[in-house]
Amino acid sequence: MTRPVHWRRAALGILLAAALAPDARAQTPAAAARPAAPRADRGIDVTVGGAWTGGTSFGSSNATLQAPDGSSLTLFTTSSELGAGSGFELHLGFRVTKTLNVEASGSWSRAELRTAVTSDFEDAAPVTATNRVSRFTLEGSALWTVLARGRARWFVRGGVGWQRELDETQVLTDDGTIANLGGGVKYWWRQHGRGVFGNLGFRAEARAAFRSSGLSLDQKQTRVSPVIAGGVMFGF
Amino acid sequence: MSRRASRGVAIAFALAAVLAAPLRAYLGLGVQVGSRVVALKWPSMPVRYFITNRDVPGVTAPQLQAAVDRAFSTWGSLPTAQISAQFVGFTGADPVNNDGATVLGFQAHPELDRVLGATTHAVDQTTGAVVESDIFLNSTFDWSVAAGGEAARFDVQSIATHEIGHLLGLSHSALGETELRPSGGRRVLGKSAVMFPIAFPAGNIADRTLKPDDIAGMSDVYPTAAFQTSTGSLPGRVTLNGAGLFGAHVTAFNVSTGTLVGGFALDAQGRFSIDGLASGLYVVRVEPLDDADLDSFFAPDAVVNIDFKPAVYAKLVAVPARGAAASIEIRVQAK
Numbered sequence: 495m496t497r498p499v500h501w502r503r504a505a506l507g508i509l510l511a512a513a514l515a516p517d518a519r520a521q522t523p524a525a526a527a528r529p530a531a532p533r534a535d536r537g538i539d540v541t542v543g544g545a546w547t548g549g550t551s552f553g554s555s556n557a558t559l560q561a562p563d564g565s566s567l568t569l570f571t572t573s574s575e576l577g578a579g580s581g582f583e584l585h586l587g588f589r590v591t592k593t594l595n596v597e598a599s600g601s602w603s604r605a606e607l608r609t610a611v612t613s614d615f616e617d618a619a620p621v622t623a624t625n626r627v628s629r630f631t632l633e634g635s636a637l638w639t640v641l642a643r644g645r646a647r648w649f650v651r652g653g654v655g656w657q658r659e660l661d662e663t664q665v666l667t668d669d670g671t672i673a674n675l676g677g678g679v680k681y682w683w684r685q686h687g688r689g690v691f692g693n694l695g696f697r698a699e700a701r702a703a704f705r706s707s708g709l710s711l712d713q714k715q716t717r718v719s720p721v722i723a724g725g726v727m728f729g730f
Numbered sequence: 002m003s004r005r006a007s008r009g010v011a012i013a014f015a016l017a018a019v020l021a022a023p024l025r026a027y028l029g030l031g032v033q034v035g036s037r038v039v040a041l042k043w044p045s046m047p048v049r050y051f052i053t054n055r056d057v058p059g060v061t062a063p064q065l066q067a068a069v070d071r072a073f074s075t076w077g078s079l080p081t082a083q084i085s086a087q088f089v090g091f092t093g094a095d096p097v098n099n100d101g102a103t104v105l106g107f108q109a110h111p112e113l114d115r116v117l118g119a120t121t122h123a124v125d126q127t128t129g130a131v132v133e134s135d136i137f138l139n140s141t142f143d144w145s146v147a148a149g150g151e152a153a154r155f156d157v158q159s160i161a162t163h164e165i166g167h168l169l170g171l172s173h174s175a176l177g178e179t180e181l182r183p184s185g186g187r188r189v190l191g192k193s194a195v196m197f198p199i200a201f202p203a204g205n206i207a208d209r210t211l212k213p214d215d216i217a218g219m220s221d222v223y224p225t226a227a228f229q230t231s232t233g234s235l236p237g238r239v240t241l242n243g244a245g246l247f248g249a250h251v252t253a254f255n256v257s258t259g260t261l262v263g264g265f266a267l268d269a270q271g272r273f274s275i276d277g278l279a280s281g282l283y284v285v286r287v288e289p290l291d292d293a294d295l296d297s298f299f300a301p302d303a304v305v306n307i308d309f310k311p312a313v314y315a316k317l318v319a320v321p322a323r324g325a326a327a328s329i330e331i332r333v334q335a336k
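Top to bottom, those sequences are chains S and G.
Add 494 to a position in the first sequence, counting from 1, and you land on the number used in this note's numbering.
Add 1 to a position in the second sequence, counting from 1, and you land on the number used in this note's numbering.
FYI, nobody ran anything at the bench for these hints, they're computed from the structure.
Honestly, I wouldn't trust all of these hints.
Claimed, not checked - Under the rule of at most 20 angstroms between Cα atoms (straight-line distance), these lysine to aspartate or glutamate pairs were calculated in the DMTMM-like manner:
#	chain 1	residue 1	chain 2	residue 2
1	G	336	S	617
2	G	310	S	563
3	G	42	G	100
4	G	310	S	616
Use the sequences and the hints to build the structure in full.
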């Protein structure tokens, strides 16, 4: 058995990354696990980019009165969701080994909380009440290169951090934790050049974000959102 | 303040000279002190009270005392309010009698054929402090203290809980819907406050249990330190064609918890403040009071505008855990 020891550790990561790297599935395990000598990889890389976060439904909730027989009389009905949001991300990566980087990341994004108010008992016009939420995150993560092929570095990444959500009037804040798990690719366009643009590439990533707390419109404590992110990457 | 039977129609409500305290969450009772309206409240606890030693069919004086004690305990058990009461003894005095003693008991008022009970206050006109408050339950009606209620009899504990809310300083809540009966009077379709002015039908015991609106209102009158530091306010104005709208009923609905708390626009600028709200995001709705209910909320000479359409504010309003949300303006349209 010649499979390198680190292949076993990478197995989960490869599965996660497979959806993003269809050609990787054609690799033999040994080849897939053998990171190419990362000559182009720098000790430090910085990624600046944007991210899209999928929306979340909070379901419906009725404003009710108690009827004499104990049943509920609906005053109005609400249906709530956090719409898809977008924002900016910054990743600062440090190479620890040929296959392992640690990253410090920060992000800012905005999304709209929406509550549709309908079926009013006294026929008030239907309204969708909104509040634009800002979210800030600071996160530490480990990024593991699971496949190096040419200029591409396929990776999986997992991390945890802190998040703060603010309503649009900035009177309501909610702090919580965030965890991310996903994978993506770094692709170096230019290598071994000089100056800021001497080592230039892009990074694309898909991940699941697990958030505890936050400005929500239901009582759930943890929710999961899909995130797609991409950005320009500089190596130093 | 009086409590109407569900078959009742409007009557002149005030047995004590009370006014709506301005800009309070809920609708607190107030008293005019000089040029100011001061919230009506007891200056110290416990509230010491007597029970009349009269029996009525189905309810003995000790049973009445036990039911009243449970009603006081309902308010006294609120973790967010500082309220306590002490039973002093039985008395032969009438429950509505300006004698310096707080007395609760049955009294026959056949002329008030749609009033289940009423509360009066004697108030220090210089401070607004309550010095005495009496409650009568109208023995013209049939009463019960049965644990599960009794058909065709009104529940003493439920009605006492409502009247004790008045005794402690709360006015009426408008969190309810009624309809006119063909035979006169109004019927409750639903409500979300013990302090709603019209009672559930005889046999119902739902008003033994306080609702979020009751809790917010009473906690606002007698707040604990924790209540003051853990709840926020939702202030704003209700306007019609740019002018303030007095008497509009404003409700805040917490989308996350499903709780409803109400308040009123209480001045000529249409300003309101719903206090005692848990931090979170709220849907805010405004509606006119029912014309048949006006005397349950405001003095007879108050000019209350009810000629506008119900409306929902187009923003989710964020209320902090302490302090106030950004003030909002809810613009309504004439009917």
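Consistency of the hints with the structure:
1. G/336 - S/617: Since the Cα atoms of residue 336 of chain G and residue 617 of chain S sit roughly 12 angstroms apart, the hinted pair holds (cutoff 20 angstroms).
2. G/310 - S/563: The hint is violated at about 29 angstroms.
3. G/42 - G/100: This hinted pair holds, its Cα atoms lying about 19 angstroms apart.
4. G/310 - S/616: Roughly 9 angstroms separates the two Cα atoms, so the pair holds.
In summary, the structure is inconsistent with hint 2 from the numbered list given earlier, while agreeing with all the others.
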